[in-house]
Each structure stands twice: as structure tokens, then as C-alpha cells.
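With chain A's structure known, arrange chain B on it following the hints.
Residue numbers (numbering that gives the first Met the number 0), protein chains in the order written: chain A, 0 to 262; chain B, 0 to 374.
These aren't lab readings, by the way, just hints derived from the structure by calculation.
Please note: incorrect hints may appear among the correct ones.
Said to hold, decoys possible - Just a few of them, taken from the derived set where beta-carbon distance is under 8 Å, the chain A residues facing chain B:
1. 67
2. 71
3. 157
4. 164
5. 165
6. 168
7. 190
Just so it is clear, CB atoms sit at the ideal spot from N, CA and C, and this is done for glycine as well.
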Amino acid sequence: MAQPKKPKLAVWKFSSCDGCQLSLLDCEMELLAISEAVDIAYFLEATRRVKKGPYDISLVEGSITTAHDAERIKEVRRLSGTLITIGACATAGGIQALRNFKDVKGFIDRVYAHPEFIDTLSTSTAIADHVPVDFELRGCPINKAQLLELINATLNGRKPNVPRHAECVECKTQGTTCVVVAKGEPCLGPVVQAGCGNLCPQHGRGCYGCFGPMESPNTAALAARFAALGLDRRDIERQFRSYNANAPAFREESEAHDQPSRS
Amino acid sequence: MAPNIGSKVILDRSGLDRLIADLRGRGYRVIGPVLADSAVIYDEIQSAADLPAGCRDDSEAGTYRLDQTGEPWLFGYTLGVQGWKRHLYPPRQRLFRAERGERGFRLLDDQEVEAPLALLGVRACELAAIQVLDGVFDHEGFTEPGYLRRRQNAFIVAVECGHAAATCFCASADTGPAVGQGYDLRLNEIAGQGNWLFVAEAGSEKGLAVLAELPSRPASPDQIAAAAAQPQQAASQQSRQLKDDAARVLAVSTESPYWDKVAERCLTCGNCTMVCPTCFCTSVEDVTDLAGDIAERWRRWDSCFTLDYSYIHGGNVRSKAASRYRQWITHKLATWHHQFGRSGCVGCGRCIAWCPVGIDITAEVRALADAERGR
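Excised from the complex, chain A in its bound form (with noise of 0.2 Å):
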């Protein structure tokens, strides 16, 4: 059998710590049969050797900041077949989306020496708000075997095994006892899709939310659960404002329970 041409991989980041990027790195193992079925074209993280565009898979990690990356993310889809966005930065907004609660310029002006060094848009929002996307996956940082799974369906034309349902049926599946309801621990897992391994219930504390909302999240059920088991209105509303604040569903929960501004 001839060997087909191998299909171009481009890696990009925008806003972002590089821990999903990070994630290809750490394959290891399989990271040999990765670089054998692909050309690793465009990988900043892991070679300064680049190829021209344009790519026929580009994994994009981080969120939209900068005007300039705002831009830049309308190239990259132009240079690109299909587009994966990796990590809660690039399919959220990721941590630094907390800034859309607040006035950016207030934090400018009281952080930096030079505040006027500074050029940033007030949001810091998911690559689908900029540029159509063709997959989104989850997760502060994304899981490996999620993202060798997504490479290998890529590649072998078949949809992806990245189930959209409820961190709970991954619990359940490994036989991790519920925290929620064996501690009483508030835990998001209800309302968060699965993928993690559920890496924190397995230890015996709730779910953090890092791999945003489930496929049908019901945050205002959950909402009330946390409250009868004696949170406060601050408590619900960091609950849902972490790495995935800026998800829609868990970013009108946590306003729901925003307190008015005190400053």
C-alpha cells in the first residue's frame, strides 16, 4: 500500500500557560506514533523548525485577549483544515475570563508600574466567539488520552469517544463513591462534563469544574443542593467561577448569586 502524505499538525497558542500544549509533550510513548502519522509542522513549544501553512490539523490552546490575537486567531483558521481548540483558556475563556466580572482597567492601574505599557481588550474570551471551530475539547489542562483520542479519530475519519454527559457517570464507572452524597462536600460534578478521571472525587473532595458544563447542566439545582448543605451566596458564586467562569452556563449561575458590588 502506498503511503499517503502524512497530514500537516500545527500547534498555536494565544492566552494560556502551555499546560495543554504540554499535554502532546507528555504522550511520551505515544508521542513517536503521533510524529510518525503526522508531520509535526508548526509545534513552538517543542521545536523552533517551522513549516509553511497551510496545516491540515491545528490544535489551538488559549483564549482571545489582545486585539492582536484577535486577529492572529482569524489567520491561523484560514491556515488551517481543521481546527481543534484544547483546554479551558481556548473553549471558555479559562481563568483569566474573571476578568469579565470586573473593570480590567481598575486591576491595570493598580498592578503595573507603567499601566500604560499595558494593551489588553477588557474579556478574555473562547476561540469559538472569534472563528468557526470544529471541535472543542475540554479541560484545565486537557486530558492526554481525550487528546490522543481526538488525534487518532482525526485521523482515521471517525468521531471521537469524548462523551458530553455528566462527571458523574465517569464516578460511577470507576466506582468512586459520591462525595456529594457520602460527605456532604459540594461538588460540581453533577453539571460538569466528564473526561478529568475524575481525577478529585477519586480522592475524596468535590469537583472543581475544570472540563465546563456537562451537555444539559442544571447549575441552579446544584446551586440550591450546595446551599442546603450550607454554602452562602459567596461560596455558590466562586463555585461556579473558576477556570470556566466564562462558560455561559456556569457564568449566569455564578451572577445569579453575585453580590452587589461593594467597592
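Coordinates of chain B only, in the frame set by chain A:
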């Protein structure tokens, strides 16, 4: 004197250890209750020392707490978090593995041989649940070979309940607390003089062969009476009830406005279906290696509460939480009768306890009946 089927004998604690050792010696993987983190779960055990001595569970809607009573009862808890389903019908099962050949694919015959299972501590409702699954997995020409093989090879040691959790309603579901038929051995843990004993009885030839090997003595009338009193006491402790006419209520409630009320609380998280000992729905996933040379087909537990589960060519047929909850409870309590000739609910109460927001199947049926009467 060797026991007969149905005759009641006494095993002491060392007899229980001998039972576990004997089953292991016969090649069984013995699964029983163990304390894991803050709950009793069913997992592999090596000896009676692994059993959750002194543990007593207390469940309410959305709440489960395990207490250490300090008493040495080994089976003082009510139920494990999940039933025996995860051992007889595991959450992830590989259906086949295939390799790309010159022409098409070649199936690889490399399934691991599983040891037969001995299930120790099966409660009446759980035995009923296994019998419900028997009906599901051998039904009108459809057979599920993996389940049926595990089931046929399994050795079942039932242990009757002496008390009920607040979420139990097996008495109203007609499945317990007394263990009826279908066990190999049935045990009752009763108080003796200064120690705890088991009243044991074989329910099958297989069970008799095992029991005959164990050191035992005939049970006294008092001991037999003490054992018989246990399920009666467990039944008398049950305050939750499933309405007798649940199937009728659901049949006339398909358009009830009450479903929207449930949906306000329902998280559609799927926990109820995962812990239900009779929910059997799965999805099938295909995976490949990067080169596409090896393909595997896996079956994993799924739930009628997930959107993918009811996705049919181009759309989801139950997009609202109301319709998904309606589907689950209606199938469980009403249309299961049409499909399998009995109810799908055995009254274990797990869906009540392990629902993070405490939705109560018995209360929802009552509320639907009230809503129906009020219209």
C-alpha cells in the same frame, strides 16, 4: 450429619472463613462487601477479615452515612453503593478486537478468561435485581453471552437483612427482605452466646456441595426463629412505599405538567441509572490505533439521561430533562412490564440515596398520582 437442601445448620465465624477459602479453592473470585473510603462497596475479598465489621449505613434522599457501631456484625450494613451489576455486567466490556489484513479485517481471539464469580452478601432485593437482568439478557431470542456466562458460573451466597435503611422499600416492591429462590447458600447472621453465628441453608446442589465441606451443626429451633425474625424486622422498619398502581399512574401521566416540576430539580447526571441494579443501557464505541491497523469495539454503561444516548440521525429525541426523567421512571415502573413481564424496580432505594439532589422515585409516583387526581 451432612446437611440437605433446605435444612438449616449453624456456621460459626471460622466456618465463614472456611466458606470463603473453600470458594477460592474451587477457583471462584469471591466478591463481597468491603469498606472503601466512606462507604461499603462490593469488591474482591480474600477472607472474612476483609468484611466491613461493625459498619452500619444510614441513607436518606441524597444522603448516605456510614457509622462504625463497634459491634462485630459483619453484615450489619444494608447495601453496597452499587449492586452486583458491575461484576456481572461490567461498566466497560470489550466486544471484539480486530486487525487489518490483506483483505478486510481479521478478528483476534484474545479475550481473557474470567474466573467464575462467587457473590457473597447478596440481599433479597439484589437477588431480585439479578433475576430481572436474567430476563433482560435472555429475552425473545436476544441473549447477552458475557452476562449469561458470568451469571451461569456464579455462586450466590445470599445474606438476609436484619434491618432496613430509610431508603429501602423492597417490601412494597415484593422483592424482600426475605430471600426467596435463586441462591446457592443463604445465611442469616444472628447473635449467639458471646459471639455471632450464621444460620446457613443450601438452595442448590452446588450450594449443598460447598456447605457439606464446612464444619457445621444443626440449628436449634431458637436459632431458626431468630433467623426468621430478621426479615420481618427489616420489613417493619420500612416507611417508604412504592404505590401498588405505579404502572397505571405512569401510563396516564405521559402528558402531566408535573414532569416540568421534576425537571427543575433533576440534574440529568445519570447517577440513578448508574446505581440502579437493573438499568442495563449501554453505548458501543469503536476505537482504533493511530495507524488504523487495530480496531476494538467496546461497550460501556450509558444512561437514558445522556443526550448522546437518545441521539437518532440528526437530533435528540429527548432533549428536555422532563422527557428524560419521564422515560426513565416510566420504563422502570410501567413499560418494563410490557417488555419483560415484571417491574424493573426492586425497591433497593439506591436511586433515592445516590441522587445528588435527593429525587425520590416513590415520592415522584405519589406526586404524579396526586397531580393526575387534581386534573
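Going through the hints against the structure:
no. : hint : in the structure
1   : 67   : violated (35 Å)
2   : 71   : violated (30 Å)
3   : 157  : holds (7 Å)
4   : 164  : holds (4 Å)
5   : 165  : holds (4 Å)
6   : 168  : holds (5 Å)
7   : 190  : holds (7 Å)
Hint compliance for this structure: hints 1, 2 are not met, and every other hint is.
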